[in-house]
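Undergrad: In the order they appear, the protein sequences are chains U and E.
Heads up: the first sequence at position 107 corresponds to 107 in our numbering, and the numbers run straight through without jumps.
Heads up: the second sequence at position 201 corresponds to 476 in our numbering, and the numbers run straight through without jumps.
None of these hints come from the bench; they were simulated from the model.
Beta carbons: idealized from backbone N, C-alpha and C, even for Gly.
Hints are not guaranteed to be accurate.
[Stated by the list, open to error] Calculated from the model, a selection of chain U residues having no Cβ within reach of chain E, i.e. all distances over 10 Å:
hint, residue
1, Gln-39
2, Val-161
3, Met-230
4, Ala-231
[What the hints assert, rightly or not] In silico DSS-like cross-links for lysine-lysine, where the CA-CA straight-line distance does not exceed 30 Å:
hint, chain 1, residue 1, chain 2, residue 2
5, U, Lys-166, E, Lys-506
6, E, Lys-499, U, Lys-189
7, E, Lys-499, U, Lys-141
[Unchecked claim] Calculated from the model, a selection of chain U residues having no Cβ within reach of chain E, i.e. all distances over 12 Å:
hint, residue
8, Glu-30
9, Met-42
10, Ile-52
11, Pro-59
12, Thr-82
13, Lys-92
14, Leu-139
15, Lys-141
16, Arg-153
17, Glu-205
18, Glu-211
19, Asn-229
20, Leu-244
21, His-263
One-letter residues, chain by chain:
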Amino acid sequence: MSTVVPKLVTREFTSPDASHVEDYSIRTNELNLWYGDFQALMNVSVNIKKGIITGLIGPSGCGKTTLLRCFNRINERYGNVTTTGDIEILDKNIYDADVSVRQLRRSVGMVFQRPNPLPISIYDNVLFGMGIHDAFKSLPKSERNDIVENALREVDLWSTVKDRLKSRATTLTLEQQQKLCIARLLPLKPDIILMDEPCSALDAEGIEKVETLIESLRDEYTVVIVTHNMAQARRATDECIFMLLGEIIEHTKTSEMFLNPQHEKTEMYIQGRYG
Amino acid sequence: MSESSPTTSQGFSLRRGIEKVIDFTEPAVVGLIHLCGWSAIIFVMAIFFFVFKESLPAITGLEEGAIQGEVEQLDLVEFTTSPKWIPESAKKPTFGILALMVGTLSVTILSMVIAVPLGLGAAVYVSEFARGKPREILKVLIELLAAIPSVVWGFIGLVVLNPMLVDMTGEPVGLNILNAGIVLALMSVPIIVSVSEDALRAVPDSFREAGIALGANRWEMVYKVLFPAAKNGLLAAVLLGIGRGIGETMAVLMCTGHSVMMPTSIFDPVRTLTATIAAELGEAVRGDMHYHTLFLIGVVLFVFAFIINLTADLIVKGIKVQGNE
Ligand SMILES: Nc1ncnc2c1ncn2[C@@H]1O[C@H](COP(=O)(O)OP(=O)(O)OP(=O)(O)O)[C@@H](O)[C@H]1O
Ligand SMILES: [Mg+2]
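Based on the provided sequences and hints, a complete structural model is requested.
TA: The following block contains the structure:
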């Protein structure tokens, strides 16, 4: 289907602190990506630290979504995608022949821009991932119930939905749906959670609640979040990556980027002078 | 867009003129559309009324043609429970449609057993797996399949399938439930494919992405995400297929063997309700018991169709209510 050209030989990463390999969850090296003839990512080399929230910012069309969708190889859905370069997730090159995409997607969860709970019950949504990955039938019912309760508690949804676990997930409010979309990743015990503008479909109150939830995921998970909302990037992220036209311009601590941007373009963007 | 003002004002007055014409024609068009909508209802009612009226004398009794002083009346118990259909017997005609109903149902059920997996599989393939040229070619071919007249299907059953079944099963004749079931399945596949393909393609892509991002492979995505998401449409597809099966006449007339009997296996010939009407109505003496009873079979077919549609409606509504709670 997809014409991914994986590099089978993992190159040495030329990162300054290559000795502390375990500190990084995601590392890309010279990553290029084309949609047909159009190059959407150019020589992207980035190291994303474990256990923190990293923001991905930049003007519309700069390749944030594209980069994010590389990390769980969901880009391969489109037939016209070509990639070169390496992506290492938890020190494993994800284009290696022995990598199972299924296992990769288990440890790298994804939350989408528009909440997309499946049109099945809330309960089944939470367990959906487990149903795919584990010998599910052997799991006793009480244990399943516990898994559902824990996941929903972790996203602060349990008290709201505990009496209607069997009703359709699509009947929830958008905010609740997005929380559910996060909750359904948790039973799989992912290491990394990718979020593509997770709050952009929500109202102000929803944004605040989901943001609080995202911040609570810090430490336990590595979170990479795309956002257009500068205030949100500032509030909720530890580090920020600024992209422009498929390239990484700057990657520093969030506080540093907003106080003292190194590049003129970064400064212009965060001050709202770019699209 | 930087036109001078006179042109603009002229354009404006022109638009007013068109608006006037629209004002005038709109009620007429609306009326016509209403008429179209109502005519569908009126036609259905009229057909039902006619069939029902023609069947009525069989139940209420008719004097003509009966032995002097006696009123000939259809025995409804016999009608529904007797497997004997001997309408033209000189001594004692018997009008039992049990065997005919069993014939219709057995052929329809077998055809669905074949057509539903085949049709759903093809729909999944066309909507989720095939890309580009092969996909377009497949869609055209499936539509072509729908355009084959039913008498041609009957012919295929008679001339092609019949000897094949004789070879394979060792039965003396290959015109039986299996033959008609296969032919009917092939006839209902196109409608099942096209309706369920529509249903699958109506599933938002975000659901597919959700499934895939959680680690589902394409097959799991199909049966764990798409099937639940599209179940109303898929159900409609299956019910339309069943409707097609029950209503089909010519092909089953040619492929079932057309003999009245209670089948014990799929290698037995049967006769269906529809084929009976088609084969006998032309010969039945207008106004006699046989004639009216054939119309009563028509009413039975109506009732079948009504029950199927009602169940479909209720199931679909049930799903909706559950979804909206
Ligand atoms: N499936 C695709 N096929 C072809 N081109 C694409 C595809 N997806 C994205 N692109 C192009 O790649 C570029 C990067 O797109 P991407 O969606 O990654 O940007 P983005 O930074 O996420 O933008 P936004 O902030 O609007 O979401 C854009 O120019 C876009 O037009
Ligand atoms: Mg995007």
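Undergrad: With 12 Å as the threshold, tell me whether His-263 of chain U passes as away from chain E on beta-carbon distances.
TA: holds, 33 Å
Undergrad: Need the status of pair Lys-499 of chain E, Lys-189 of chain U: alpha-carbon distance at most 30 Å?
TA: holds, 21 Å
Undergrad: Can we trust that Lys-141 of chain U is non-interface, i.e. its beta-carbon lies farther than 12 Å from all of chain E?
TA: holds, 19 Å
Undergrad: Would Asn-229 of chain U pass as off the interface with chain E, using Cβ distances and a cut of 12 Å?
TA: holds, 21 Å
Undergrad: So is Met-42 of chain U really clear of chain E, every C-beta pair being over 12 Å apart?
TA: Answer for Met-42 of chain U: holds, closest chain E Cβ roughly 25 Å.
Undergrad: Holds or violated: is the Cβ of Met-230 of chain U farther than 10 Å from all Cβ atoms of chain E?
TA: With a cut-off of 10 Å, Met-230 of chain U remains clear of chain E, as the shortest Cβ separation is near 26 Å.
Undergrad: For the pair supplied as a hint, Lys-499 of chain E and Lys-141 of chain U, is the alpha-carbon distance within the 30 Å limit?
TA: holds, 20 Å
Undergrad: Taking the minimum C-beta separation from Lys-92 of chain U to chain E, is that value above 12 Å?
TA: holds, 16 Å
Undergrad: Beyond 10 Å from chain E, beta-carbon-wise, is Val-161 of chain U?
TA: holds, 13 Å
Undergrad: Does Arg-153 of chain U really sit off the interface, with its C-beta more than 12 Å from all C-beta atoms of chain E?
TA: holds, 20 Å
Undergrad: Per the stated criterion, does the least C-beta distance between Glu-211 of chain U and chain E lie above 12 Å, as a non-interface residue requires?
TA: holds, 21 Å
Undergrad: Was Glu-205 of chain U rightly flagged as not at the interface, with every chain E Cβ beyond 12 Å?
TA: About 23 Å separates Glu-205 of chain U from the closest Cβ of chain E, which puts it past 12 Å; holds.
The structure fails none of the hints (numbered hints given earlier).
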